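Asks: Sequence:
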Amino acid sequence: MIKMGVIAISGQAASGKTTVARELANRLNYRFVSIGELFRKIAIQRGVSLLELHRIAETDFSIDRVVDEETIREAKKDNVVIEGHLVAWMLKDVADVRIYLKADIRARSQRLLIRDGKSIEEALNEIKTREESNRRRYLAIYGIDINDISIFDLIIDTTYIDAKKVVDIIYEYVYNVLRNKGKF
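Counting from 1, position 87 in the sequence shown corresponds to residue 86 in numbering that gives the first Met the number 0; the numbering is continuous, with no gaps.
Hints in this document: simulated from the structure, not taken from any laboratory.
It is possible that some hints are incorrect.
Unchecked claim - Here are the simulated EDC-like cross-link-like pairs (lysine to aspartate or glutamate), alpha carbons at most 16 Å apart as the crow flies:
1. Lys182 <-> Asp95
2. Lys127 <-> Glu57
3. Lys76 <-> Asp95
4. Lys180 <-> Asp152
5. Lys127 <-> Glu51
6. Lys101 <-> Asp161
7. Lys91 <-> Asp77
8. Lys91 <-> Glu73
9. Lys75 <-> Asp95
10. Lys180 <-> Asp92
11. Lys91 <-> Glu69
12. Lys101 <-> Glu130
13. Lys91 <-> Glu68
14. Lys182 <-> Asp77
15. Lys164 <-> Glu22
16. Lys101 <-> Asp152
17. Lys40 <-> Glu51
18. Lys101 <-> Asp147
19. Lys180 <-> Asp95
20. Lys76 <-> Asp92
21. Lys91 <-> Asp147
22. Lys91 <-> Asp152
23. Lys182 <-> Glu171
24. Lys40 <-> Glu69
25. Lys127 <-> Asp103
26. Lys91 <-> Asp144
27. Lys75 <-> Asp92
28. Lys101 <-> Asp156
29. Lys163 <-> Glu22
30. Lys180 <-> Asp77
Nothing here was measured: the structure is a model prediction, and the numbers come from that model.
Could you build all of it, start to finish, from the sequences and the hints given here?
Replies: As structure tokens, then:
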């Protein structure tokens with residue numbers, strides 16, 4: 000087992016963050032934490048849709064602050080793969096490896112259509128709405144431009160690569176980085 004590692008996976012909506020992070024955590028024998036799932040749980044607790052929670056969060060910054068504090072708490076426990084839109088920025092000085100996943104909007108819409116049973120128009124609208132909401136909030140709350148991906152160690156376009164192959168690429172990279180840092 001690789002020890003003492005914190006892997007942050009961020010990226011675009013429906014780019015495969017959760018699927019890839021969960022499998023990577025399994026391969027590394029690490030804990031898996033999904034900040035996106037936490038955000039969805041908050042929406043359920045409040046009795047609103049995910050898109051509505053994004054709208055609420057645009058004026059109620061306490062929602063993001065709670066989520067981001069949880070990100071930092073989980074990272075401090077070590078041996079974790081954490082995925083979420085902002086995790087790499089929140090863990091900029093903590094994560095051993097920061098990974099960004101992206102994909103063509105059509106591919107991401109298709110994934111959302113399959114995952115959530117939405118029409119292609121609904122999926123496109125949800126992706127665009129969520130990403131714009133995230134961009135505005137993170138800029139307002141933290142001064143972070145999520146379109147600036149220069150902080151990432153590894154960027155992968157998942158449009159034409161299945162999740163297993165993406166995990167293979169990331170695992171090889173993470174293994175080598177952590178080995179060279181003396182973390183196992």
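Asks: All hints, please: hold or fail.
Replies: Hints versus structure:
1. Lys182 <-> Asp95: 9 Å, holds
2. Lys127 <-> Glu57: 15 Å, holds
3. Lys76 <-> Asp95: 13 Å, holds
4. Lys180 <-> Asp152: Distance ~14 Å between Lys180 and Asp152 Cα, so the pair holds.
5. Lys127 <-> Glu51: Since the Cα atoms of Lys127 and Glu51 sit roughly 14 Å apart, the hinted pair holds (cutoff 16 Å).
6. Lys101 <-> Asp161: Holds - the C-alpha atoms of Asp161 and Lys101 are around 13 Å apart, at most 16 Å.
7. Lys91 <-> Asp77: 14 Å, holds
8. Lys91 <-> Glu73: The hint holds at about 14 Å.
9. Lys75 <-> Asp95: 12 Å, holds
10. Lys180 <-> Asp92: 15 Å, holds
11. Lys91 <-> Glu69: 15 Å, holds
12. Lys101 <-> Glu130: Roughly 12 Å between the alpha carbons, so the hint for Lys101 and Glu130 holds.
13. Lys91 <-> Glu68: 14 Å, holds
14. Lys182 <-> Asp77: Holds, at about 11 Å.
15. Lys164 <-> Glu22: Status holds; Cα separation ~11 Å.
16. Lys101 <-> Asp152: 14 Å, holds
17. Lys40 <-> Glu51: 13 Å, holds
18. Lys101 <-> Asp147: At roughly 13 Å apart (the allowed maximum being 16 Å), Asp147 and Lys101 satisfy the hint.
19. Lys180 <-> Asp95: Holds, at about 9 Å.
20. Lys76 <-> Asp92: Answer holds: Lys76 to Asp92 is near 15 Å, not above 16 Å.
21. Lys91 <-> Asp147: Holds, at roughly 13 Å.
22. Lys91 <-> Asp152: 11 Å, holds
23. Lys182 <-> Glu171: Distance of about 15 Å is within 16 Å: holds.
24. Lys40 <-> Glu69: It holds: about 13 Å lies between the C-alpha atoms, which stays within 16 Å.
25. Lys127 <-> Asp103: 12 Å, holds
26. Lys91 <-> Asp144: Measuring from Cα to Cα gives roughly 14 Å; hence the hint holds.
27. Lys75 <-> Asp92: Since the Cα atoms of Lys75 and Asp92 sit roughly 11 Å apart, the hinted pair holds (cutoff 16 Å).
28. Lys101 <-> Asp156: The hint holds at about 5 Å.
29. Lys163 <-> Glu22: Measuring from Cα to Cα gives roughly 8 Å; hence the hint holds.
30. Lys180 <-> Asp77: 15 Å, holds
This entry satisfies every hint, going by the numbered hints stated previously.
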